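Chemist: Heads up: the sequence lines are chains A and S, in that order. Counting from 1, one number per residue, gives the positions in the first sequence under our numbering. Counting from 299, one number per residue, gives the positions in the second sequence under our numbering.
Hints are not guaranteed to be accurate.
[Unchecked claim] Restraint ranges, calculated between C-beta atoms of paired labels, are given here:
1) S/SER313 <-> A/VAL231: 48 to 58 Å
2) S/ARG373 <-> A/ALA215: 16 to 26 Å
3) A/ALA215 <-> S/LEU377: 15 to 25 Å
4) A/GLY23 <-> S/GLY546: 55 to 65 Å
5) S/GLY322 <-> A/VAL280: 53 to 63 Å
[Stated by the list, open to error] Listed next, the in silico DMTMM-like pairs over lysine to aspartate or glutamate satisfying Cα-Cα at most 25 Å (straight line):
6) A/LYS190 <-> A/ASP287
7) A/LYS295 <-> S/ASP448
8) A/LYS57 <-> A/ASP74
9) A/LYS295 <-> S/ASP452
Bear in mind the hints are in silico, worked out from the structure with no lab data behind them. No experiment lies behind these values; they were computed from the predicted model shown. The beta-carbon is built from N, C-alpha and C at its ideal position, and this holds for glycine as well.
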Amino acid sequence: MAWSGALAVLGGGRYAGRLGFLGLMLAYAALVALALATLAADNGLSLGRNPLANLAKTFGEFAHPSFLDVWFGDPQLEYRSDDGTLLRVEDRRVVEADFLRQLAGATWTTFMIGTLGSLLGAVLALPFGVLTARNLGAPRWLGLPAKGLLDASRAIHTLVFGLVLVGIVGLGPTAGILAIAFHSMGTYGKLYAEAIESLDMSAVEAVRAVGAGPAQVFFNGVWPSVLPQFVSNHLYVWEFNIRDSTVLGLIGAGGLGLLITEATALFQWGRLATVLLVVVALVSLFDAASRRIRKALL
Amino acid sequence: MNAAAKVSPGGTAASLEGIVCAPGGKPVLDVDALHIAQGERIALVGPNGAGKSTLLRLLSGFARAERGVATVLGRRLPLAGRELRALRGEIGQVLQGLHLVQRLSVLDNVLIGALGRLSGWRTWARWHRVADIAEAEAALRAVGLLARADHRVDRLSGGERQKVAVARMLMQRPRLILADEPTAALDPRAAAEVCALLAEAARGATLVTVVHNPSLLPLLAGRVIGFRQGRIAFDLPVTQVDDQRLLGLYRTDEGSLVDQFLTEPPVRPRIHFPDYQ
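In isolation and in its complexed conformation, chain S is listed as follows (with noise of 0.2 Å):
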């Protein structure tokens, strides 16, 4: 069966129908229907400018699409106002790189997370109710960050960072988790710490990630979508996703240098170099 069709009692948390996103006139996403159900744990593989990204952001309301219907938790895009507002309140995001605030404490990052179902000047000042601080340093216990709670952000080592965005998105209580290659820049064991706080941070929520890394795939999804030039090239369970597809993802058919590394197992390129005995 494939898994596109596989509908969860859960409901559905996003549909795409008939989208193009073509910022600036050429079209970077194009996909003719795509269902996620709740739940379900996704990952989005495929090159850079393969429209991963673009989807992450036409989900989170921060990108638009020129045609189509998508429909996200429930609610139909464009939002605008205080209706795209509650939508990213329910939409927990994991971000590549920086996206902490440089000059707050670990903790006050954390609390940021709230900030969608709170509101008024208390929340101005940074001045949190006791019940929110409490679920705070659970949140940052459960990352294992609790001893550095009162630590500015900015001295953190990058692990330790995206450990913190995750601390913020638990606080956030999410329905629908999209993590754009939360591992990036990450040493192999950071990378693996985070993706398994991740899936365990996800458990009764929708998770959409990008990851480039095989070996994180199945930690973090049960269905790996393939995209390339902006179109779905393969949408498949994990099981059934192995190295090769996945290099031919990245592969051109122009069969260069650069080709002959994707080729699999062993990377091995054949490079002749002149025989000079």
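If we strip away everything but chain A, and leave its shape as in the complex, we get (with noise of 0.2 Å):
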């Protein structure tokens, strides 16, 4: 009763505008609730048995990365079964030297696949972008299925094209590359559009009016114009890339997506420690450059 009578009382008068937004409110409130509900009535939101003592457990693990191991490893560590016998000895310090070898080659790997794949994306979306642009008058039956398209590789994953193309072309680097291109050609071509529409329309305008044809227009009033936010949103975009490429390596693109599918099938925390330390330096290097270089363009 309280509740409809503030509501009376909202929808009355200078309170009508309000309304909506509150009627808003009231149904994104009743979306999350609905989700909860669901989840709770079939045990979806338990935590597992003894979650803290995993946690704590984890943690630890998490806590000693395995690169330590390079200097401070037990250079004798000594394998032994169950009754005594001695199966073997391993030098940690060397078996963790190897890995972080490995883990440059796949670092490597993965940052080439972002590039590639980013690249191929950026130039795969630019005749889409220029055709979804509204001010720039393509025609309409070129416009509306460029539009689409680029929505619809917006909408799927990178993972579910990597894992398309892995059926296709195999495993390895290529399936990771062309995963990354189709999937960000929709981020590209949609930020290009917003780029183009944005532009100072009296400037093309005047280049139309000495007579140049549409090519000419778009080279000479358009892409001038456009060219240092294109270049902004491709670092923006490509940063993302080289993020989303860490995991294709679960699907068997290789890079650091491989080490981590190992580390966590083998439930070696510390390794998988080591490698998430290399995509955070790997990703915040990345974002500092390329705030440099988009802050000196614009």
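Taking the hints as your guide, dock the two standalone chains into a single complex.
Modeler: Structure follows, in structure tokens:
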């Protein structure tokens, strides 16, 4: 009763405009409540049997990243069977140094996949972005399919593209590069179209006014004005793609993702910690560099 | 003799007959007959919304007439595609405000003027021929901006930008020049400079200018056409146009305070302040 009274008050007079927002908030609250209720009914909100103990154990292993063993590891780690016979002796320092070398190679592979996939996506998206921008006056029968294609490629996740492509081009970096390209094409196209739509059209019209053809108008009036924005967009999406390519190893595209799969499959949390540190460092470094470049450009 | 009836040996640059432009249903331009001879210098005057800019847009093929016959430089409007581009190539336009490509250099902006007669992929990459670059530099020298050829346009002042627009128009070698308030937002000195350059550039071509400042009229025009509510109010040689006639275009019949400002001379509205003594 109190609620309906409050609604009646809000619905009347000068609060009428707020009712739309209130209604949206109520709908959102209902959606969240429905989601929680559905999960709770299936016992989907459980945290497992002893989450705290597991957390402590995992955290403990994470706190000891494997790369520390290169300097502090046991040079003569002995593996023994249950009855005490010596199975083999391992130099932890050598083993982990080998892993670091493997990690460096994988990092380069991941960076490569992200970079090449990004470039391919940026190039593929160009014509579609130009066709989708509403102010350039591309014919509708070309603009609408272009927009549909960009929407579809944005909607389908990189991993899904990757799984399909592994079936087509086989395991390896090629599948990863193409998966990144096909997914980020949608993002690139949308960003391109938005950059073009925010363009100063009077300059474009002035180029048209001297009798220039469509291609001349694009390359002399549009392209120089949007290029800095395009480069900035490219750096931004490139950064996303480097992060995305770290998981592509999960589906066999190689790189850091492969090491993540191995480490999780063998419960080697120390190694996972090392790999994740590299991922964080890679993404942060790239972010810092791209931010500088973008600042210099605009 | 009525200036409109004068026919120069160069022939007709533009002629309109029974033209009605009514985008969105409301007529903004309604001209029974207007003939512009080749080589004429015409100023269009009148209040905002009187149809001056619409007339210029009609002549350059950016606006369409609902009714009537319009012929520009021997071509019957409306045109499309290649024909329209060919016409625009012959019409030089100087517009108010920022109509330059901000991120290109001054020289590149001037070279845009040549795009109407150049074709091929070289113009896409802005890789211009030496002869064209020399012509662009000559145009910049004519407007006194050769020293700033390599500067980016967004680093220039308003007056300099408008001079770049004039240089771009020179590069175009137009037969008909349309200038829509080329001196808007310029200080008096820059305005006079731009007008002098424009008049110089229009030598041998037809010049149609929209102006608001009466002192610039003799510099730009031999014939003045006054517009009011989309119609031609008067069409006279510049020597017969006095301030009273010009101000009459802007006045309404309401006799409001604003109208009193537009009475001439001296401009001194009769404002009655309450007596506090």
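Chemist: Now, for every hint given, state plainly whether the structure supports it.
Modeler: Against the structure, the hints:
1. Distance hint for S/SER313 and A/VAL231: a CB-CB separation of about 49 Å, consistent with the stated range 48 to 58 Å.
2. At about 23 Å, the beta-carbon gap between S/ARG373 and A/ALA215 stays in the expected band of 16 to 26 Å.
3. The hinted range of 15 to 25 Å is satisfied by A/ALA215 and S/LEU377, whose Cβ atoms lie roughly 20 Å apart.
4. The hinted range of 55 to 65 Å is satisfied by A/GLY23 and S/GLY546, whose Cβ atoms lie roughly 57 Å apart.
5. A beta carbon spacing of about 58 Å between S/GLY322 and A/VAL280 agrees with the range 53 to 63 Å that was offered as a hint.
6. For the hint linking A/LYS190 to A/ASP287, the alpha-carbon distance of about 21 Å falls within 25 Å, and the restraint holds.
7. Proposed proximity of A/LYS295 and S/ASP448 is supported: the alpha carbons are some 23 Å apart, at most 25 Å.
8. A C-alpha spacing of about 21 Å is found between A/LYS57 and A/ASP74, which places the hinted pair at or below 25 Å, so the restraint holds.
9. Distance check on the hinted pair: A/LYS295 and S/ASP452 sit about 18 Å apart at the alpha-carbon level, within 25 Å; holds.
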